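Chains as they are written, first to last, in my numbering: chain A, 1 to 112; chain B, 1 to 870.
Bear in mind the hints are in silico, worked out from the structure with no lab data behind them.
Only a predicted model underlies this, so the values are computations on that prediction, with no experimental measurement involved.
Fair warning: there could be bad hints in the mix.
Which bits of chain B does chain A cover? Going by a derived footprint, with three or more residues having C-beta under 8 Å, they are [unchecked claim]:
(1) 21-27
(2) 30-40
Short, incomplete list of chain B residues facing chain A, as computed with Cβ under 7 Å [what the hints assert, rightly or not]:
(3) A4
(4) D5
(5) L8
(6) F56
(7) G57
(8) I62
(9) S65
(10) C66
Just so it is clear, CB atoms sit at the ideal spot from N, CA and C, and this is done for glycine as well.
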Amino acid sequence: MAKRTQPLDLLQGTLDLLILRTLQKEPQHGWAIAERIEEISEHVLEVNQGSLYPALHRLEHEGWIKAEWGVSELGRRARFYQLTASGRKQLELESQQWDRMTAAIGRVLRMA
Amino acid sequence: MKWADLRLRLRALVFRNRVEQELQGEVDFHIEMMVRKNVARGMSLDEARRQATIKFGSSPAILESCRDERRVDLVHGLWNDIRYAFRQFRRAPAFVAICILSLAFGIGANTAIFSIVNAALLRPLAFPDPDRLVAVFSVNPAPGAGLWSVAPADLRDWRLQSRALENLAAYSGGRLDIRLDDRTEQLTTARVTSNFFETLGVQPLLGRAFESGDESNQTPSIVLSYRMWQSRFGGDRSIIGKQIPTGSGSVMVVGVMPAQFTFPNFADLWIPMGGFGEMTRRATRYWQTVGRLRAGQSVEAAQAEMQSIASRLEELYPKDNRGWSAQVMPFEKAVVRDVSEALWILMGAVAFVIVIACANVAGLILARSVSRKREIVTRLALGANRWRIVRQLFVEGLMISLFGTLAGLLVARWGIGAFFEVLPNTALTSLNRFRERVSLDSTVLLFTVATSMLTAVVFTLTPAWDSLKLGLREAIRTAGPRTSTRREHRLYRLLVMGQFACAIVLLTGAGLLVQSFVRMLNVDYGYDPHGLTIMSLPQPAQKREAFVDQALERIHAIPGVENAAVMSYDFFGQLNFPFSIEDKPFSNGDVMVRYSSVTPEYFEVLKSRLIAGRRFESRDSANAPGVVIINQKLARQYFSDRDPIGRRIILSYNNQRIPREIIGVTSDVRQDAPGEPIKPEILVPWAQLPWMDATLAIRAEGDQLRTQRLVQEAIWSVERSLPPARARTVEEIHSSQVATPRLYTILIGLFSAMAMVLAAVGIYGLFASIVTRRSNEMAIRVTMGARRPNILWMVIGEGIRLSAAGILLGLLGAVALSRLMRSLLYEVSPTDPWTLGSGTVLLLIVALVACYIPARRAAKMDPMVALRHE
Chain A
1 MAKRTQPLDL LQGTLDLLIL RTLQKEPQHG WAIAERIEEI SEHVLEVNQG
51 SLYPALHRLE HEGWIKAEWG VSELGRRARF YQLTASGRKQ LELESQQWDR
101 MTAAIGRVLR MA
Chain B
1 MKWADLRLRL RALVFRNRVE QELQGEVDFH IEMMVRKNVA RGMSLDEARR
51 QATIKFGSSP AILESCRDER RVDLVHGLWN DIRYAFRQFR RAPAFVAICI
101 LSLAFGIGAN TAIFSIVNAA LLRPLAFPDP DRLVAVFSVN PAPGAGLWSV
151 APADLRDWRL QSRALENLAA YSGGRLDIRL DDRTEQLTTA RVTSNFFETL
201 GVQPLLGRAF ESGDESNQTP SIVLSYRMWQ SRFGGDRSII GKQIPTGSGS
251 VMVVGVMPAQ FTFPNFADLW IPMGGFGEMT RRATRYWQTV GRLRAGQSVE
301 AAQAEMQSIA SRLEELYPKD NRGWSAQVMP FEKAVVRDVS EALWILMGAV
351 AFVIVIACAN VAGLILARSV SRKREIVTRL ALGANRWRIV RQLFVEGLMI
401 SLFGTLAGLL VARWGIGAFF EVLPNTALTS LNRFRERVSL DSTVLLFTVA
451 TSMLTAVVFT LTPAWDSLKL GLREAIRTAG PRTSTRREHR LYRLLVMGQF
501 ACAIVLLTGA GLLVQSFVRM LNVDYGYDPH GLTIMSLPQP AQKREAFVDQ
551 ALERIHAIPG VENAAVMSYD FFGQLNFPFS IEDKPFSNGD VMVRYSSVTP
601 EYFEVLKSRL IAGRRFESRD SANAPGVVII NQKLARQYFS DRDPIGRRII
651 LSYNNQRIPR EIIGVTSDVR QDAPGEPIKP EILVPWAQLP WMDATLAIRA
701 EGDQLRTQRL VQEAIWSVER SLPPARARTV EEIHSSQVAT PRLYTILIGL
751 FSAMAMVLAA VGIYGLFASI VTRRSNEMAI RVTMGARRPN ILWMVIGEGI
801 RLSAAGILLG LLGAVALSRL MRSLLYEVSP TDPWTLGSGT VLLLIVALVA
851 CYIPARRAAK MDPMVALRHE
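Extracted from the complex, chain B is given alone in its bound form (with noise of 0.2 Å):
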């Protein structure tokens, strides 16, 4: 670049308006001598000036060109291109609002649920090497039955054998009182095998990582998570090594991880499992795990090898391993594998809130560029260079969605806010932990900008398109007022019947959604949950029998309490035990099923109904002949052809094999979610057979919270030494079971509404243009005698012909894109008529009023105004 250029170029930037003002003085300048000559060949002055004025030619044009030659118009340009979008917009400003909501609903519900699932997901798995880490878990051998959690010894042996695989570690869930400051605290734990964190390849911030023979140690250590570090104990560095009391002894600080590690669970901390006899466990299947392949082996390899071992297993022990496999497969496809459906189904919703905002923009830039066309080629015959009207309309289309962006990222921010808002405290806690870990995915966000900005640019461009393929004056001849809008109006029709189809979609999926919720909240349990109140009981080391039978009888002088029972685990029927039929073993080996310890009491606390035999009696004492009960369930599927009372079951417990004694058939207690389905359950006596944990069931009248209370003290009043215990009221843990349905329905609903609002817009839009453009013709016909609601009907009927044919068009998407949905829904099915018939109706009437609006303007107008308007 020359000196001299760049010195012009700086002054032409710097000092703007001198260096216009003498271009035109030049100008001036130029012109007045011109006239000077003419006057002096004998012209008058005025046509000395007109003269001068043709031959001259378009000023601005000139004016213009030299501009181009100072080449920093492209700076000045987009300025004032800039500016004249604003002028633009403020002249219209319904549109730009319209065009800018429609972008932020679509941008920020996009970009706000993909940055949540996102952290949820897919950022706690971001380990070293993530392509060679794979999940292993036990294959059953009954039909249906799916993938299982890992029986400790399985675990080992496979990972003794296993040549395909690095290493295989395991995690799973716990819960550690501690106590700090004379307060008793409950965290959550993970039980990790020692080799967890080498297997993942982290390595803590501080102090080490567990290493073989941590399981032993009789004060167990412990590896804290930053977030317990940073907020219990002040980011103390001289923490490791330090002891922590626990509930029932104290445990060692070894090391701290660093903020980005929360696996599995958003832990509070890490402690080791599998000593003490742990790893010998075969029956018991209840660990998850996670491997690293070696370097080069492939998860179908590894699959392979795997298969061979879980035979080899077989053949040992048949016992427990019979019928048993293994799967392996891709670590973050099995952590995902719960919930990915469902967010797939929710990010599908989304892209269709976003198509359907875009639609509307494309459908608004196109009605306006009718009009936006005159001025297109009233500017082009006054000179205007073409590029710098394209380029001018790529300004505006950038702005659109520029401002479009901004608008969806505080609809994203208030959205991530809203969504934790929406989740009840109660549940999905481990959502709310990760809650600081959201931000903004840029990834999306992008995405979404990127399709915002392509429907703006693409779409303010098309007049100008039309403008110079025609040519200048085709150009003039078409821009009419009332011609060339068909093509235009037929595009936002599609557009518009495209914006509907994706409606009526979105809309029988939250109908059914939440169809099958009111089905799960009204489903029925086996049980009366209201005034039902579950509860730990921690107990102490020794003597538990006694404590047991002391601590229920405290509780059942509590006034107000009706009754209360003792079970074994956090609720109703979650355990699993392998079992077989005496006199009918299963031909593949024992199977699977729930099973209960419960207290005599359990049946008249749930109010379960008894269907056979007897319940669980006084008599039914440790050193009697062991009995059980059955549910209905397991007496339908096993005893179909004959009466299990009196028959013999075998349950595997404790790597013994004992036969018990069926003396009674209880109703189904429901024992998962409503959307899970019952499954066959064995309650046994806890006199015979108590469980490690203790849990009670207690049915009070009144406020739960003052039950709760009672019943702690009465707890303490037996052993004042005891951890406080939890308690949740059984309707809480209803709640919780549908809090992930509830926040699908609730989203999906929201996102409906979204769509049915977009639509409605961008009906009315299409209808608002349609009757500006053909107000002549309506003028004509009102002239020629059509009444008024002839008018109206044209205009709602034509809208609703529109509408009905977008409908039309989803419901087949939606049948289509039904069996997607089956996963999430419960007792409903995805092609519902009702539910398909409800949302064609809503919208329809969403049409409707969408077209009033314009039909009634059409229908009021003056046809002799329309016609002077002309």
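Same shape as in the complex, but just chain A (with noise of 0.2 Å):
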């Protein structure tokens, strides 16, 4: 299964961190946020089901998340997830670690 150029299986924790990066701008639901990862990321992450929907709840657990039903882009009923404030935060926290740690990477990819 490595050997091709399969899409990336996301590093343990930073769905949670992409999650609440995709629903900064508006409310999705769970589809959306899948598809919406992988078209942004060019199709290198894939977001597998078995965790999406677990994730989900965990952070709605968090209270950083919160799901409301809607009615999807196709008139069918779907549950959509939005920010809440303290999900902000704690995606802007959760970024600034996220950036400071690929540079600290990065740093030492590149000098050591």
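Both chains are sitting in their own frames, so use the hints and assemble them into the complex.
Here's what the structure looks like:
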């Protein structure tokens, strides 16, 4: 499996960050979140449904996102997730951490 | 915990269905979107669906992990597990029923027995600082004579001289006739020294306890038991200071004890003793003692000190005390010493029952685990969480033990009731008295429940353990219907073997008890018990000799009464007196022998034989030379080398040493219960030495109750003011003598029957499982030409071999344990080959019958069906 240039599995913990980021602009349902991550990452990242929905529930329990039923673009009922105030704070925090970490890893890779 | 978290958890719990629907809707929506996307890419609808489903993965697993995120799963999951367990149980009702019944018997019997033991022996002794309570016994010089009660004068000296003991009190039994509402009622009293309550450290509920000087009151003070106070005086608080008329005067109530205080012997009331010169008696030993150690003193220190005091007393009073020493032991141990051995055996027996019961449950669960394994592997393959599976099995095991416990509680309650039903009314009345105190004992209940839970849970978890350990692929490979059963069956076989081992131990124990019980019933009492009644003869305060003569005369005149005699005590030869031989005194001082004072008719009433010399006659009157008759046992023991007739013995009586001539030797009359040896006995003529209490021995034809009534009327016709006499037939007395062995026999018999049934169920379960698992092999055998009887005997033979191995193991254990049984047995060797042999045969027959059912099924099986079944 790993030999072909297949979509990468997400790093532990990064899914939460990506979900929060995806929801920054507007509320989305689960399907759209997954599609959007794949699209923007140009299909490098693939969201496994087995992780997506548990993650959404986890974030909801953390109080960072909340869910509401709405009507999807195709006129079908869907569950839309949106960021809460504390979710925004969390997103900021995690983005900063991510930046610091990738910067640090990048430095090590370049200079070591 | 965050607010959102809490809110969502609550919502998940309360609106469970809605939350589930939402989850499902979300997943459905996702899949639908995937399908649309695939269709848009140009797939056919079917293909689009297929691809979407494949890509989405196992939706139940995803849903499950979403639920995990909700974290209310433990509650929901548990509920699901319980429902699932119920479904499992419904599919295997026989399995569940047998498990629960096994546990019910095991837990029930254990709890019932221990609760009774606890109420009878341990709880009445709940006194403050019980560790400091001791009992002191006199120790007899004769070898093997054991522990004795204590003489009042010895007790007084011990108490005065001891430093290690803070206090030393005494108690003894007695009876008192009281008159209430013109009715005379006989009460069981405890005669106690005035420091009795103080020594035990108990306070009265009402009024006061005894104080020094109470024993010398002309109107004796009494302390009432709570039960008596409630039942006879309606809990009247003004009872203190009131006088109650008795058979010979009156008594005054000074106090009432609290309800939980019933020592000794569940007494109705306590009355002081030791007054009127009783405290100076040194020759007769009849007081039980209880002492309290000074804080910081040990039993050993008290023992050493008591021994030195006793040896001082020996020098001071050689006549009564030569050779007598003292023994101090912890009070609790002293009180239960007679019964504790039997009770330990009983507890051991019920422990065996619960072991067998647990083995049953374990075996059944093991047998089921084979099919459970496939189920578990399937669930694992479908993506189930391993710990969910473990938890679910755990819940199943827990539920089995829970139901077993509930049923066990019912059995225990019923068993306690039945225990008191089995008790004969005439016997062990003291046991009946504490009936209301028996409650289920929580300690042992906890213990048995814990044992059963552990068994059920450990064994339900074994299949899960295997599957988890092997890993999924290996587990699937080995979880076929016919494979991987060998290990379970090996363990199951060991369990069944253990059951048979335990069962044979119990069975032989029961067999030995039954045999010794039968021998006790057929024992030679040395007299004809049939038609013999023992009746107390209350005497007036004055002119006793004339009264006794007159009463006897009237009783003889009653139609149906063949003969009647007066004797000194409740039963034959129950008193103890020191004696020596005039021309050959014992080197260590006097020796205790049994003693009876009897009227001349005694020998004819009992129909005992005269071995030598003559019986008492009317010429042996008060003024004639002192004579005695000895029993054969005494003649053999002390006059083995010469003719006892004409020799003189010296009887210590009321501090006098009176020489008396032996005029006859009579055949032995059994004084005590059949288990006890016959003791040397001396009989003296009533006319020469009347005893303070008188008892009638009456031989009469026909209805004994009628006789008793007529005798009562005859006594009242002489003296109307006397209290009613107590009467019992000798057969009743014998029945109560063997009541305790009968009880043990019944109980052990019951337990061994339970053990046998449980072992039968165990071996049946094993072979039912073996036959099912090996139906393939059997079918192949049949197609290859094996005949049905071959199959039948193959299975039965295996069962017999297995049970025989277990029995052999158990027999070794039984022989090893038999030493412990010896004290309960009467004229039966603990390794009696007949008992061991018949127990073995019985158990083998049980095994055979239990194996026959699955064996026949195996033999009747259609090989084609069995082979196609795969």
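Results for each hint:
For the segment 21-27 of chain B, the assignment as covered by chain A holds, since 5 residues bring a beta-carbon within under 8 Å of that chain's beta-carbons and 3 suffice. Here's how the segment 30-40 of chain B fares: 5 of its residues keep a CB closer than 8 Å to some CB of chain A, so the rule of at least three is met and the hint holds. Taken as an interface hint, B:A4 checks out: its beta carbon lies about 3 Å from the nearest beta carbon of chain A, inside 7 Å. The restraint placing B:D5 at the interface with chain A holds, with a minimum CB-CB distance near 5 Å, inside the 7 Å limit.
The criterion of a C-beta within 7 Å of any C-beta in chain A is met by B:L8, whose closest approach is roughly 6 Å, and the hint holds. With its C-beta approaching chain A no nearer than about 5 Å, B:F56 sits inside the 7 Å limit, and its interface hint holds. A distance limit of 7 Å between C-beta atoms decides the matter here; for B:G57 the minimum to chain A is near 5 Å, and the interface restraint holds. With a cut of 7 Å, the hint placing B:I62 at the interface with chain A holds, because the nearest CB-to-CB distance is about 5 Å.
Annotation: B:S65 was flagged as interfacial toward chain A, and the flag holds, the nearest CB pair being 4 Å apart, inside 7 Å. About 5 Å separates the beta-carbon of B:C66 from the nearest beta-carbon of chain A, less than 7 Å, and the hint is met.
The structure meets every hint from the earlier list without exception.
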